[in-house]
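Novice: Given the coordinates of chain S, work out where chain B should sit on it, guided by the hints.
There are 2 protein chains.
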Amino acid sequence: MISHPLDAILHPESVAVAGASPQGRGGGFISPMLDLGYKGKIYPVNPKYQEILGLKSYPSVRDIPGPVDYVISSIPATAALQLVDDCAVKGVKAIHFFTARFSETGRADAADLEKEILRRCKAANIRIIGPNCMGVIYPDWGLSFFGGLPKKSGKIGIASQSGGAIGDILDVMRNKGLYPSKAISYGNALDFNEADYLEYFGEDPETNIILMYVEGVRDGRRFFNTMREVTKKKPVIVLKGGRGKSGTRATASHTASLAGSMTVWNAAIKQAGGINALDIDEMGDVAAAFNFLPPIYNNRVGVCGGSGGSSVMGADLSEEAGLDVIPLPEEIREELKAKGSPIWDWISNPADFSIGMGGEFNIAEVLALMAKNKNFDLLINFMMNPYARNGFRPAGVPNTDAKTANPGNAAATPPVAPPKPPPGPWGNIPATIDEFLKPYRHEVIKKPLIIIHSERGRNDTTGDGNKAYLEMRDKLVENGIACYPNIARAANAAVRLIHFYREQQARLAD
Amino acid sequence: MISHPLDAILHPESVAVAGASPQGRGGGFISPMLDLGYKGKIYPVNPKYQEILGLKSYPSVRDIPGPVDYVISSIPATAALQLVDDCAVKGVKAIHFFTARFSETGRADAADLEKEILRRCKAANIRIIGPNCMGVIYPDWGLSFFGGLPKKSGKIGIASQSGGAIGDILDVMRNKGLYPSKAISYGNALDFNEADYLEYFGEDPETNIILMYVEGVRDGRRFFNTMREVTKKKPVIVLKGGRGKSGTRATASHTASLAGSMTVWNAAIKQAGGINALDIDEMGDVAAAFNFLPPIYNNRVGVCGGSGGSSVMGADLSEEAGLDVIPLPEEIREELKAKGSPIWDWISNPADFSIGMGGEFNIAEVLALMAKNKNFDLLINFMMNPYARNGFRPAGVPNTDAKTANPGNAAATPPVAPPKPPPGPWGNIPATIDEFLKPYRHEVIKKPLIIIHSERGRNDTTGDGNKAYLEMRDKLVENGIACYPNIARAANAAVRLIHFYREQQARLAD
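For the protein sequence lines, the chains are S and B, in the order given.
Quick note on this note's numbering: the first sequence kicks off at 1 and runs consecutively.
Quick note on this note's numbering: the second sequence kicks off at 1001 and runs consecutively.
The following block holds chain S by itself, in its conformation from the complex (with noise of 0.2 Å):
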């Protein structure tokens, strides 16, 4: 436990709901946390219920027997002010409003209201996550607002004035093999605000990478001095929304946010060390990165074993994220004409898988070589789904049918036969992987690698390429892996963290 007000907050020993209801959406709250096992007291309240869910039903908050710490408010909003007076004779230290129509919906008298809750809530030293959020995902807690979330937790903090923008993150993430610490969605920032939200995450021992997802700022000064601090030990990663003149009409009917100048957003955001996204995806594959990568300070990077067209696109889109694909150092090009390949003078970097597709040099071993040479600094590797359209043997694959192939084709992709359970190495695709891992893991463990995980081949209708393709995601995670559904997308990644690790040695330097 750390001694931020909202660590305490964050860890109820009892949970009032008040406004749940059996079907209705307040019961959502309570389902969640059963599912993840929530080990304190959870009161629906409700006058209308005896019994919710199992669960006694208490007609106020007032008639709680024991002591209540955290209350979720799913009530309207007309109703909000009597649920404060009664917290306030029970002594809850935070009520999560989910609850909503406040100053977001434009209107004078729903600002009042808001206005009032705060001066009440600050009277009886009850402090107010949102209103008009989702509030706290928090699984080692057993705090959830999303039913059907994995149990596992992971080093991700998440603050987000959009619920909405949780579950998408979240969906993505779990794509990617990361999980959350905890996310916190805090609407109309009432009482706590961006920078409470980001002064707790960077205290808090159970976080490493900070997501933000914010419209407006309430104090922008404290934000920013935060994220000078939290930068110099953990990446922050925000999303503004309302950079544009439409998306700032929308986030004032959305959470009451003025959005501000970008101008002025992303000097600040600079300045600060923070790491701006443009969007969720953006997001999750920067934070992929951190989850994965070691700190990298240079930018020369191997690619391997795509095809002709996708090395050559591979190598363009690496330039043009701030990637340096450097010519395949001389040694390498000498290691290999020792080892006896008669193509040792025209293989490159990128090196182009199917050029050794006559059994000549298995990729495997020209990745091997990179990883072993000092002048990359990380790789990154093709392994296609063997049920992509195109028919690929992945990347690293041995070439088993090479003897009973033409040799003089060997330059060009070999038609293959309908999608189906591909036989040789790929009839297992986790020892596939295993066997792909083993090599570079034990001999050359300390070179970033980052694998293009394409989405080629999912989209059959049979669901085979599906399966192959979440088979081959998991088998990667497993193995602490950052997987990127193509190289554009991969090497922005890593230019960021490349950059933050740079920014920040400079300024701890200073």
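It should be emphasised that the hints constitute simulated quantities derived from the structure, not laboratory data.
Predicted model only: the values in this text are computed from it and were never measured.
There may be inaccurate statements among the hints.
[Claimed, not checked] Once the Cα atoms are required to be at most 27 Å apart in a straight line, the calculated DSSO-like pairs of lysine-lysine come out as:
hint : chain 1 : residue 1 : chain 2 : residue 2
1    : B       : K1467     : S       : K152
2    : S       : K467      : B       : K1475
3    : B       : K1151     : S       : K467
4    : B       : K1152     : S       : K467
5    : B       : K1372     : S       : K245
6    : S       : K475      : S       : K152
7    : S       : K232      : S       : K155
8    : B       : K1039     : B       : K1115
9    : B       : K1151     : B       : K1122
10   : B       : K1090     : S       : K475
11   : S       : K337      : S       : K446
12   : S       : K337      : S       : K234
13   : B       : K1090     : B       : K1056
14   : S       : K374      : S       : K152
15   : B       : K1093     : B       : K1039
16   : S       : K467      : B       : K1467
17   : B       : K1372     : B       : K1152
18   : B       : K1122     : B       : K1056
19   : S       : K245      : B       : K1374
20   : S       : K155      : S       : K233
21   : S       : K56       : S       : K41
22   : B       : K1374     : B       : K1339
23   : B       : K1151     : B       : K1039
24   : S       : K151      : S       : K122
25   : S       : K372      : B       : K1155
26   : B       : K1155     : B       : K1056
27   : B       : K1152     : B       : K1374
28   : S       : K151      : B       : K1467
29   : B       : K1475     : B       : K1151
30   : S       : K446      : S       : K234
31   : S       : K155      : S       : K39
32   : B       : K1245     : S       : K337
33   : S       : K90       : S       : K48
34   : B       : K1039     : B       : K1152
35   : S       : K374      : B       : K1245
36   : S       : K233      : S       : K152
37   : B       : K1337     : S       : K245
38   : S       : K151      : S       : K90
Specialist: Just chain B, lined up with the frame of chain S:
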């Protein structure tokens, strides 16, 4: 049939495959043709076999009894000259050289061999596709180099220096309901080059949209002159391989191409009315826009049915892509007011689906009002996978449980049970989409509509989310809807389309 020399070559009555083998790669060229029901004669050529895939095999092309229109060379480069001589004797019209290891190796002897092949083919009046390429896919004529391709054909012509890129393009296209008229991989472009393929697709009545992956141009002047003519009738989307210095190195070893300056390239594409794409996903996105949307000449967009956060981000990303997310026209607010909506003054553009979850309006009604309003040129509507982690009800689906819910909490997303076949309207995905599209289709058919069909929810390991994703995709495609996984990609594709038609209009008016 048209008079372009490629047209006769692409309609062969007989095909010989030199280097065919039962298990090997040559055989692969035969089985895809058998799959697609090629109606002409197929002659395997390989002295080692009597029969391949049930077809009589011949020792050489000379030994084939009947006439041979088209030969696929799947033999080593060292045997290529002999094959050319045999084809000359036989009166063959065209050879597709899958055979590789010519100038792309960077070796002088291999480059000389390539030149000699061209010289002998010219002397014998034999045209060449390739060398170092996968050749031709033409579903309606039974030609293919990939197995397991859908027999379905469409209106998209593809010419690509890389066969692997064609595999990727077809996979991306298929996921959007797009199919090829013909796809031609042309590798080193020894005889027919980029200008020939472009000219051909420009004339081809089976092709409406042209996609090209080009690493280097053999005849830049003719290519861009041809493009300027073709784009008066059809959009030409070009993905340039070899844009940076590392990509340029890679084009040399892939297809022996000289990549050239991107400044010159971009200026020439612009002047010729072509559309640049940076990667295959963008190429597919833009192709889908042209395939499903009518010409659009202005950029005022109405966005409907995201939640709060995704409405804000949707507005930002649309604006950043170049669309104009105009404020909701006053007359729509008046109509909502007249219909008795208590939140008529709060609804905006984007129309935030979540604020109507108290049951005060149905997002499909708002969409219909936008569709009837002359201020919008284009509409974008979100439709969530019911298995998406955040459990949103898809936009436009009636909120059947609104009455049992807590009306005061309507501004945020309801917590939901763990993902499982959702009750209510989403029990039957195709029926739900039909229901959603019905009023739109009948009342306001003329307003272009894009649907954001998010990937969220398809990554659960049960496969149910993926199944729902594919079911939604198929149903949307069947209805002729352009689908995108996120609004940034949708907006970009729409902007490219609008720009193309505006430029085309201006050029035709000159």
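Novice: Look at each hint and say if it fits the structure.
Specialist: Structure-based check of each hint:
For the proposed pair K1467(B) and K152(S), the alpha carbon gap of about 25 Å is at most 27 Å, so the pair holds. Of the supplied pair hints, the one linking K467(S) and K1475(B) holds, its CA atoms being roughly 22 Å apart against a limit of 27 Å. Note on K1151(B) and K467(S): the hinted pairing holds, with a Cα-Cα distance of about 24 Å set against a maximum of 27 Å. About 25 Å separates the Cα atoms of K1152(B) and K467(S), which keeps this hinted pair within 27 Å; it holds.
Simply put, K1372(B) and K245(S) have alpha-carbon atoms about 24 Å apart, close enough for the 27 Å limit, and the pair holds. Restraint check for K475(S) and K152(S): the C-alpha separation of about 17 Å stays at or below 27 Å, so the hint holds. As the CA atoms of K232(S) and K155(S) are separated by approximately 17 Å, the hinted pair is consistent with the 27 Å bound. Between K1039(B) and K1115(B) the CA atoms are separated by roughly 34 Å; this puts the pair beyond 27 Å, and the hint is violated.
Between the alpha carbons of K1151(B) and K1122(B) the distance comes to roughly 34 Å, so the proposed pair goes past 27 Å and is violated. Distance hint between K1090(B) and K475(S) is unfulfilled; the C-alpha atoms sit about 54 Å from each other, more than 27 Å. Between K337(S) and K446(S), the direct Cα distance comes to roughly 26 Å. Compliance with the 27 Å bound is thereby established for this hinted pair. A threshold of 27 Å between alpha carbons decides the hint, and for K337(S) with K234(S) the separation of about 45 Å lies outside it, so the pair is violated.
A distance of roughly 18 Å separates the Cα atoms of K1090(B) and K1056(B); the hinted pair therefore holds under the 27 Å criterion. At most 27 Å may separate the alpha-carbon atoms for a hinted pair to count; K374(S) and K152(S) exceed this at roughly 37 Å. Annotation: proposed proximity of K1093(B) to K1039(B) holds, straight-line Cα distance about 18 Å (limit 27 Å). The hinted pair formed by K467(S) and K1467(B) meets the criterion: a straight-line CA distance of about 11 Å does not exceed 27 Å.
For the given pair, K1372(B) sits about 35 Å from K1152(B) by alpha-carbon distance, which is inconsistent with the 27 Å threshold. Between the alpha carbons of K1122(B) and K1056(B) the distance comes to roughly 30 Å, so the proposed pair goes past 27 Å and is violated. Of the pairs offered as hints, the one joining K245(S) and K1374(B) holds, with about 22 Å between alpha carbons and a cut-off of 27 Å not exceeded. With a CA separation close to 14 Å, the supplied pair K155(S) and K233(S) stays within the 27 Å bound.
The hinted pair formed by K56(S) and K41(S) meets the criterion: a straight-line CA distance of about 11 Å does not exceed 27 Å. For the proposed pair K1374(B) and K1339(B), the alpha carbon gap of about 20 Å is at most 27 Å, so the pair holds. This hinted pair checks out: K1151(B) and K1039(B) have alpha carbons roughly 14 Å apart, not beyond 27 Å. This hinted pair does not check out: K151(S) and K122(S) have alpha carbons roughly 34 Å apart, beyond 27 Å.
For the hint linking K372(S) to K1155(B), the alpha-carbon distance of about 49 Å lies beyond 27 Å, and the restraint is violated. Pair hint K1155(B) plus K1056(B) does not hold up; C-alpha atoms about 35 Å apart against a cutoff of 27 Å. A hinted pair counts as satisfied when its Cα atoms are at most 27 Å apart, and K1152(B) with K1374(B) does not qualify at roughly 37 Å. Note on K151(S) and K1467(B): the hinted pairing holds, with a Cα-Cα distance of about 24 Å set against a maximum of 27 Å.
Using a Cα cut-off of 27 Å, the hinted pair K1475(B) and K1151(B) holds, with the two alpha carbons roughly 19 Å apart. For the suggested pair K446(S) and K234(S), the alpha carbons sit about 21 Å apart, so the restraint of at most 27 Å is met. The straight-line distance between the Cα atoms of K155(S) and K39(S) is roughly 22 Å, inside the 27 Å bound, and the hint therefore holds. For the hint pairing K1245(B) with K337(S), the CA-to-CA distance comes to about 25 Å; that is within 27 Å, so the pair holds.
Distance hint between K90(S) and K48(S) is fulfilled; the C-alpha atoms sit about 21 Å from each other, no more than 27 Å. A C-alpha spacing of about 16 Å is found between K1039(B) and K1152(B), which places the hinted pair at or below 27 Å, so the restraint holds. Taking the CA atoms of K374(S) and K1245(B), the gap is about 21 Å. The hint holds against a cut of 27 Å. With a C-alpha separation of about 24 Å, the suggested pairing of K233(S) with K152(S) holds against the 27 Å cut-off.
For the given pair, K1337(B) sits about 25 Å from K245(S) by alpha-carbon distance, which is consistent with the 27 Å threshold. Restraint check for K151(S) and K90(S): not satisfied, since their Cα atoms lie roughly 31 Å apart, outside the 27 Å limit.
Consistency note: the structure conflicts with the earlier hints numbered 8, 9, 10, 12, 14, 17, 18, 24, 25, 26, 27, 38.
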